[in-house]
Amino acid sequence: MSKSHMLALFTDFDEASNAIRELKASNLEGFNIKDVTLKSPIEHPEIEELLGKRPVYVQFFTLFGAIFGGLGGFTFISSSQATFLLQPKGGKPVIPIPPDMVLTYELFILFGVYITVLGFFIGAKLPMKRHKLYNARVSEDQIGILIKADDTAMPAIKDLMTRHKALEIIGEGSK
Amino acid sequence: MINTFEERDVAVEKRFIHKEKDIREDIAWAQINKDVLKSLERPRMLFWVIFIASLALFMVGVSCEIYQYQTGMGVANLDNPHVWGLYIGTFIFWIGMSHSGTLLSAILHIMHADWRKPIYRFAEAMTTFSLMTAGLFVMVHLGRVWQFYYVVAYPNERWTWPNFQSPLVWDATAIFTYLTSSMIFLYIGMIPDLAICRDNATGFRKSFYTFLSLGWMGTDRQWANFRVTYLTVACFLIPLAVSVHSIVATDFAVSQQPGWHITSFPPYFVAGALYSGCAAIITLFIVLRYVFRFEEYMTMPILEKTAKLTFAIAMVWTYLNLVEYSSTWYGDDMYAKQALIYRATGDFAPYWWMMNFLGSVVPFTLAFKRIRNNIPAMLVISILLNVGMWLERWMIVSPTFANGIYPWTWDHDQWPSLVQWGIVAGSFGWFNMLFMLFCKIFPSVSMYEVKEMVYHRSLVRKGTEDATQINPELAVEGGIAS
Amino acid sequence: MIHRLLAVLSFVFLCVGTASAEPLKWGGPIGSQTSDGYNALGPVVKQPIEFPHYRHARDMGISCLYCHTGARRGYVSVIPRIDKCIGCHQNIESVRNKPRIKKLFEYWEKKEPIPWKKVNDLPDYVRFNHERHVQRFYFRQNRPIREVCGYCHGDVANMTVDRRVKSLSMGWCISCHQKDHRENDVSMKTSHGPYECWQCHK
Amino acid sequence: MSITNLLNNWSFYRNKRPYRGQYDLNKEYSEYKWAMALDLDICTGCNACTTACYAENNLPVVGKKRFHHGQVMHWIRIERYWDEKMVDFPEQGASFLPMMCQQCEAAPCETVCPVGATSHTNDGLNSQNYHRCIGSRYCSANCPYKVRYFNFWNYPSTAWPAPLPDQLNPDVTVRTKGIMEKCTFCVQRLNEAKSRARTEYRLVRDGEVVPACVQACPTSAITFGNIVDPNSKVAKMWKNQQVDLYKDLQEKDNTVRGYRILEDLRPFPSVMYMERIRDTEA
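Residue numbers (my numbering), protein chains in the order written: chain A, 1 to 175; chain B, 1 to 482; chain C, 1 to 202; chain D, 1 to 282.
Derived from the structure by calculation, the hints contain no laboratory data.
All residues carry an ideal CB built from backbone N, CA and C; glycine is no exception.
Warning: the hint list may mix true and false statements.
Unchecked claim - A short, non-exhaustive set of chain B residues, derived as facing chain D with CB atoms under 8 Å:
1. M139
2. G143
3. Q147
4. Y154
Modelling step: build the complete structure from the supplied sequences, incorporating the hints.
Printed below as a string of structure tokens:
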């Protein structure tokens with residue numbers, strides 16, 4: 001069964017969310033709510049909820065990065081202080097804790113931030129090629145719903161979108 | 001007396017939403033795009049005047065630095081006990097200026113203060129560029145710049161490591177962390193806007209923005225990851241910003257010099273940093289508003305809020321300043337006491353008193369609504385405050401050397417040479433130049449967040465108009481936000 | 001797919017990077033790396049006379065210290081003066097007509113020193129103490145002199161004109177100083193080399 | 001692996017200097033602790049020590065203008081004070097204080113150097129590594145005695161015109177612009193003496209090696225030696241003056257004159273001064 005894409009553009013955000021709500025309830029054959037992608041100029045936590053659970057894993061990257069930065073940082077600093085070339089410094093121990101803590105703290109943040117951002121790129125799949133059904137208007141003031149479904153389900157979906165006052169419906173073929 | 005939901009909502013509306021319209025809510029989203037993108041193309045003539053003037057000033061600094069590089073640090077007119085001068089003072093000044101960018105973009109982001117949305121982008125850019133300038137000053141200050149990489153911890157054929165006990169290494173690490181993190185923060189926050197630029201640009205610019213926007217499409221998945229990332233990085237940035245300036249303060253507080261060896265230095269420095277940064281934001285706000293015709297977004301209520309924030313932080317700074325003086329005065333350290341007396345009465349007394357006047361008395365003008373709403377007056381006051389804060393840094397560095405612990409080295413004829421002044425002036429040129437270039441190349445008002453702001457306010461308004469449909473979450477958010 | 005690969009790669013990079021970070025690894029190869037590599041030959045130095053080290057040190061079995069007399073009593077090992085060469089060679093008639101020896105006597109008759117060029121050259125701010133090393137390893141531990149000198153100079157006895165063999169960088173020096181060496185051939189007590197800056201840097 | 005090293009030697013790495021018994025003949029690597037005793041009563045302020053230091057350590061002569069501006073490079077300086085209250089300025093003579101690097105045991109300059117160019121040696125010297133220095137000048141800012149001198153100008157190319165470079169000491173680096181330098185207790189002499197002694201299976205004898213200033217002092221106001229050796233002259237003087245290397249506050253009788261400068265800042269300097277006694281009634 002071949003699948004195709006369709007992008008519907010809305011100006012009214014409420015209509016868009018209603019459309020998604022109805023799609024979800026419709027139980028069309030050959031269509032899964034997971035294949036719906038929302039494209040919007042601003043973030044819509046309320047509509048995203050409708051789309052079902054799409055977990056974000058960035059925070060695990062953050063956790064890993066922060067722990068790595070903190071522990072690795074302290075190990076790195078103290079072990080390089082204790083290398084063969086250890087030079088006693090003015091009345092202080094070779095591995096002084098307070099200064100090392102300062103640096104550990106900085107490295108904790110440094111790696112926390114870096115790996116969070118790495119996690120963001122991985123999670124958001126950036127950099128990526130734009131989908132061929134991308135429309136410049138979704139970065140301006142319209143909300144776009146990208147649907148991937150079987151060809152058989154397409155007319156029904158298209159009909160549903162039109163009912164919800166979709167401004168424009170771009171299909172794969174129509175381009 | 002509020003008894004019903006309806007009454008409550010009316011009260012909320014009266015109190016928060018209609019009090020100050022910091023931005024028009026019925027503005028068309030396409031119009032936002034158009035207005036901001038215009039700033040990338042046709043700024044006013046003043047833009048080029050500022051840009052060329054900054055470039056010229058920067059060139060003055062560059063030639064001074066080349067001269068100093070070839071001749072030696074002696075041309076800066078430093079001498080042996082008095083080894084630090086304007087360079088370190090101005091270094092702290094620039095580090096400090098970077099902090100309010102984080103205040104606006106990270107702290108206020110977490111507190112849902114959405115009036116920051118039109119102005120945080122340029123404040124964040126200011127953070128980045130002033131940190132770059134500060135980094136340059138570390139280089140300029142070094143006697144052997146060409147060996148600066150000795151401070152970096154990297155495996156090398158000498159098997160040596162930097163001295164991790166030194167506050168300068170903490171500084172280097174902290175500034176590197178802060179610079180890269182705030183650049184990342186700036187960039188991440190700009191990706192949706194870069195996508196807008198990409199969709200509207202043509203030719204060479206199109207490929208440039210296409211490259212930078214990484215194929216952002218605004219999908220739900222991207223937004224969800226974006227939201228978490230932005231919040232996480234913001235949470236990291238706040239303690240980082242505090243730690244950066246605390247570490248700069250420990251450069252001084254860790255040492256034994258009287259006048260530096262003070263426990264309250266870290267909070268004092270952080271307050272001073274936020275203070276000068278907020279004042280600088282006001283200056284740049286006014287300049288950008290005129291140059292790029294941002295009257296619609298950088299509105300007077302936002303300026304007023306920034307001014308209030310500045311006033312509050314000025315008072316914190318004043319308090320900590322007095323704490324520093326009084327704890328020295330009532331303390332037992334005769335060296336520190338004598339250093340304090342020297343500051344107030346010695347060779348640097350005029351600048352010291354001027355610093356106290358500009359830093360603690362001038363901000364009281366911000367208490368008046370008429371002054372807060374007067375743009376020329378605000379421009380002058382914000383510049384005066386920054387002059388005061390720059391003097392503060394100089395007063396921390398120089399008088400201490402001129403009057404240290406060891407009387408034989410007291411040094412009363414210390415005055416920075418033209419080379420020092422030239423490099424300090426050049427740094428302002430460098431900063432302005434970079435900043436202006438940034439605002440010309442990248443959208444300096446965050447388009448997507450202004451849209452969000454407009455959207456949320458219109459939701460709240462709709463909610464209050466139609467009390468049955470109110471979404472309490474949004475109402476509360478909008479309430480705090482305004 | 002590519003993102004998952006990126007994630008795995010960056011994780012691997014971080015782990016490998018940490019594991020191979022130098023402070024976590026004593027005596028690792030990093031300090032011994034120079035641009036020309038470990039144990040690679042240094043640049044060819046053109047000397048006024050191609051002094052055949054192999055002839056003297058290998059074939060004749062002359063001790064290094066016979067000519068480089070400074071090595072056992074001072075910082076500098078000393079390139080021998082021309083009268084040291086002549087002192088032997090005026091009695092060795094068999095090689096008198098070889099071109100190198102002729103050149104030597106030309107210098108001798110002109111009363112000019114031979115402008116030897118330095119091969120194992122350290123920066124001016126570094127002072128290698130030959131005495132300490134020769135005393136420790138030759139006189140106290142009784143190792144063969146060619147081995148003792150060879151630590152740093154390589155197998156000079158098989159060279160004609162000497163070429164630098166070791167990198168002679170600071171990390172290379174330290175890689176040896178950190179090892180424990182026996183103090184003399186009788187006791188089993190060991191100690192490592194000194195590591196203060198002022199031991200070598202002046 | 002260095003982590004095992006960290007775990008095994010943790011208590012050693014957490015040891016603070018100076019600790020009592022750090023310099024002890026019975027322990028390894030502590031045969032020497034160089035120290036000085038300086039009798040201000042004998043010092044006449046003749047500046048011979050300064051001159052000798054200039055000659056020994058390749059110090060550049062900077063000229064009147066730069067001297068006045070404080071860019072002078074004297075590692076040992078004679079400070080003059082007119083501090084005796086009983087007599088007015090013309091009548092009273094100056095009291096002199098030769099000031100050089102105090103080689104503090106807990107040196108404030110060492111901790112702050114970002115690149116570790118200055119650190120402590122096992123002989124208790126505060127070493128300064130010129131070619132590691134990047135010129136951040138933090139050590140000078142943190143030195144309470146202000147005995148660190150920064151090369152503000154490129155002296156190697158200006159201070160020694162044509163024939164003068166031939167008189168430079170080959171054992172001491174000629175410092176370029178942009179680095180910090182200070183008194184080393186003439187470490188080049190100490191190292192050579194130590195090496196010689198080691199070859200002869202002995203320790204350096206008392207008086208065998210002295211820095212240039214001590215050698216040049218016409219009145220023998222400065223005594224130099226190894227304080228670890230209880231029989232050395234300097235150790236006896238420290239003991240007689242009841243100055244203890246490991247104490248930041250000395251308990252002593254009123255009869256002794258020994259003191260260390262700025263002891264309350266706890267740098268534990270290695271130079272003991274002996275107060276000047278002046279008969280003001282005469």
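Hint check:
Because the smallest distance between the Cβ of B:M139 and any Cβ of chain D comes to about 10 Å, over 8 Å, the interface hint for this residue is violated. Taking 8 Å as the C-beta contact cut-off toward chain D, the hint placing B:G143 at the interface holds, the least distance being around 2 Å. Hint on B:Q147 holds. Least Cβ distance to chain D is approximately 5 Å, under the 8 Å limit. Hint status for B:Y154: violated, given a least beta-carbon distance of 12 Å to chain D, over 8 Å.
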